[in-house]
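Asker: Spelled out from the first residue to the last, the chains are:
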Amino acid sequence: MREIRLRINGIERELHVEDNETLLEALRNRAGVTSVKAACWRGECGLCTVLLNGRPVKSCSTLAVEADGKTVETAEGLYFDKRAKGLMESFVRNGATQCGFCTPAFVVASHALLLRNPKAEDEDIKEGLKGLICRCGTYVNMMRAVKEARQYYADGKQTA
Amino acid sequence: MSFGSPYVTLPRFSYLRPRSLDEAFEALEGGNAKVMAGGIGLLNFMKERLLAPSVVIDIKGIPELSGIRLSGDVRIGAAVRLVELEENRSLELIAPTLYRAVRQIADPIIRSSATLVGDVCEAIPWTDGPTALAALDASASVVSKNGERKVKVADLVQGLGQLAIDENEIVKEITFSSGYKKGTYVKFSNASEYALASVAVAYSPESGIARVSVGSLAEKPQVFTLEDAGTSPDEEVSAMIRKVSSYIESGLSAVDDILGSAEFKKQVAKALIIKAFKEVF
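Chain order of the listed sequences is A and B. So my numbering is basically just the index in the first sequence, starting at one, shifted up by 76. So my numbering is basically just the index in the second sequence, starting at one, shifted up by 976.
FYI, nobody ran anything at the bench for these hints, they're computed from the structure. Heads up, some of the hints might be wrong.
[Said to hold, decoys possible] Below, simulated BS3-like cross-link-like pairs (lysine-lysine); rule was C-alpha separation at most 27 angstroms, straight line:
hint : chain 1 : residue 1 : chain 2 : residue 2
1    : A       : Lys146    : B       : Lys1036
2    : B       : Lys1254   : A       : Lys202
3    : A       : Lys202    : B       : Lys1251
4    : B       : Lys1121   : B       : Lys1036
5    : B       : Lys1251   : A       : Lys206
Since the model is a prediction, treat every value here as computed from it, not as a measurement.
So that you can see chain B by itself, here it is in the shape it has in the complex (with noise of 0.2 angstroms):
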C-alpha cells in the first residue's frame, strides 16, 4: 500500500457531516470547502489533485435532501443515490427517460453510491444525468442562506468542471414535470462508460411535444423540441428521423475529443436517433 502518494490516496481535509442545510451554510462559509455527495466523482478528482479543498462536507445526513417524490412534479434530492431511483419502478413509468439513464450511468455497484444530484455537478460532458434531464426540461433548486433559486439543468453545466453555481451554495434537488410519460435514453460509449454520443427523447403523449436532447457532441447537451410529434404511422417518424437527422448535420455543434472526431460523434448521434426513435414512436 502506497500511503501518502498521489493518485491512489487522499489529500488531508476535515471531513463535516453537517444535520441541516444551515450547519452546512456555516461549513461553506470558510471557504475552500466541497460539498460531498456519493463522493464518486470528487474522490477521484481529490487524488488526481485536481482539487483539495480544506474541508469536505458530507450532505447525506440532511433530512431535506433525501426522498424521492412522485406525484405532481418530480422531485429528487441531492442525496438520493441512483440505485434507489433504479428500484423505484413507478419513476420507470413516469419518467422512462431518466429511469433509462440512470441504468446505463457507470455500473451498479457505483450506483449504490453515486447520486444523480452528484452525476450533474461533476459537471463532465460525456455523462449520462444531464442529457437526460435537459431532454426532461428539469430544474435544480440551488439554495445558500440568502435563499433558494431554480436554474434549468441545462444552464447549470456550462463546460467541462464548470458549474454555473457559486462557492456558498448548495443544489437541494432536481424537479421536472410528470408529463413526459414516454421516452428514452440511448447511448454508445468505447471501452469506458463515458458516452461518445448519446440522445434523450422526452415525449408528452398530452401536448404532442417531444423534446429531444443530444449530449457528448459539444460541452453541454444541446436540445430542440419537435411539436406534434404524435405516435404516427411509420412512414412519418421515418420522416421525422430524417428531419431530425439533418438538423444535428447542420445545427448541432460538435467538438473533437479524446472519445472521438466532432465528424463521428455527429454521425453515431444520427445512429443513436433512429434507435430511439423507433422506441418511442
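Isolated chain A, as found in the complex (with noise of 0.2 angstroms):
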C-alpha cells in the first residue's frame, strides 16, 4: 500500500492504494465517487472518464498512483460549476439521457470540450466525444444538448 495525494473536486484527499490498482477503482472504492462507472475496463467505452488536471483521461487506464499531486475533477464537482451546470441541464432538456449510466462521462467529455472550443460544431463535437459510448444511443439529443450548451462557455474563462 501507498499513501497518495490528491484534490478530488476541490476537497484534498490521501487515499491509501496498491500499486496495481487503476484510478478507476480508487475513486468508486476508496472515495466514494460512483459517478466514475466501470464498464468495458479497458479505455474502449470512455465511461470511467475523468478530468485529472484539467484534461480528459479514461481512469481504468490510469493507475491511481499516477494521480498522486494531482487534481481530479468529475460530475460530482462540475455541478458546482456553473457553465457544467449549464451543461447538465441542457442534457436534462434535451432527452439527451435514457438510462443514464452513460451520462456522467459524457458530461465531463463535453464540458471539457465546450471549455476548449466553446463554439463546437457537429464535427467537433464527434470527435471530441468519439471515445465514450452510449449503449441507448442518444447521441442525436446529446448533440443537441452539447450545442445548446455553448451558450454557457462563451465566455471562455477556465473553471476554478
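With the hints as a guide, bring the two chains together.
Answerer: Pasting the structure below:
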C-alpha cells in the first residue's frame, strides 16, 4: 500500500492505494466517487472519464499512483461549476439521457470539449466525444444538448 | 466491482517512477520489468494477463524524455503525449504526415494519455504511428547503460508484439528530417480504430522525393520511394497513381487477418493511394 494525495472535486484527499490499482478503482472504492462508471475496463467505452489536471483521461487506463499530487474532477464536482451545471440542465432539457449510465462521463467529456472550443460544431463534437459509448444510442439528443450548452461557455474562462 | 479478476483488474506489480535515465536502467537490471509511458497498451495487455511484469517503470518523470523540438531535425521524446503533438500547430506545417496520423490515433481522450513512442512500442501492425513514421524515414534512439544506438522505426517493429530492442533498453526519442513539408495520412478502419489498410505519404518539394508507406497489409509497414514526384499536372498524378497501384498489386506482401483478406486489404490500399495522392500532389 502507498499513500497518495490528490484533490478530488476541490477537496484534498489522502488515499491508501495498491500499486496495481487503477484510478477508476480508487475513485469508486476508496473515495466513494460513484459517478465514475466501470464498464469495459479497457479504455474503449470511456464511461470512466475524469478530468486529471484539467484533461479528460480514462481512469481505467490510469494508475491511481499516477494521480498523486494532481487534481481530479468528476460530474459530482462539476455540478458546482456554473457552466457545467448549465450543460447538465441542457442534457435534461434535450432528453440526452436515457438509462443515465453514461451521462456523467458524457458531461465530463463535453465540459472539457466546450472549455477548449466554446464554438464547437457538429464535427468537433462528434470527434471530441468519439471515445465514449452510449448503448441507448442517445447521440442525436446529446449533440443537441452540447450545442445548446455552448452559450454557457461563451466567455471562455477556465474552471476554478 | 470485481476485484482480483483477470480482464478487468491488474496483476500485482511494484510501481517505480525514476527521476533519471540512470535510475531507470538500474530498475531494468532486476529483470521482469516493463517500461510504461501513457500505459494505454501496457495496462490492457496486463489485464488480459498477456504480460505480468513484477516491476512497472513509469518514465514520465524523466526530464530528458519530455519535449518536442522542431528546429533542425524534429525530435519527439518518449514521454510526449499525443495531445501535445496535436496541439502543436507548427508540427502540422513541418510534418503534416505525422500530424494527420496523430489525429487519427484512437480517440481524443486516449490521446490525452497515450504517447507516440508507446504507439510504436506496442508493436501492433494496425496502429497509425509506425506507418507515418516509416514514411518520414524516422529513427528511434534506443538507450541503455551501455550507450545509445539509432534504429529506423521501420525496423523497430518486427511483427505483432515483436520489438527489436533488448530487455535492458529504453526508446528515448524519435527523430526525423524536417524536409518532408508535404504529406498526408489516410486510413480505412472498421468498427475498431485499427486500420484495415493505411497509406502515409511524405514528400519533400526540394528534392522531389516522395516516400510512401503502406500499413496494416502485413506485419510491418512497407515503404517505397518515388523520385521526381513533383507537383505535376493532373494527368501526371494519374500516371503516378496507376504506377503505384500496380506496384501495390504485385510488389507488396499482404496477409489475411481478422480485419480482412489479403486481397481485400490490397484493394482498400489502392483506393487510399488515390485519396492520399490527390491531397498531396
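Asker: Indicate, hint by hint, whether the structure satisfies it.
Answerer: Structure-based check of all given hints:
Distance hint between Lys146 (chain A) and Lys1036 (chain B) is fulfilled; the C-alpha atoms sit about 14 angstroms from each other, no more than 27 angstroms. Distance restraint check for Lys1254 (chain B) and Lys202 (chain A): the Cα-Cα separation of roughly 26 angstroms lies within the 27 angstroms cut-off, and the hinted pair is therefore satisfied. The suggested pairing of Lys202 (chain A) with Lys1251 (chain B) holds, with an alpha-carbon distance near 23 angstroms, which does not exceed 27 angstroms. For the suggested pair Lys1121 (chain B) and Lys1036 (chain B), the alpha carbons sit about 19 angstroms apart, so the restraint of at most 27 angstroms is met.
At most 27 angstroms may separate the alpha-carbon atoms for a hinted pair to count; Lys1251 (chain B) and Lys206 (chain A) meet this at roughly 23 angstroms.
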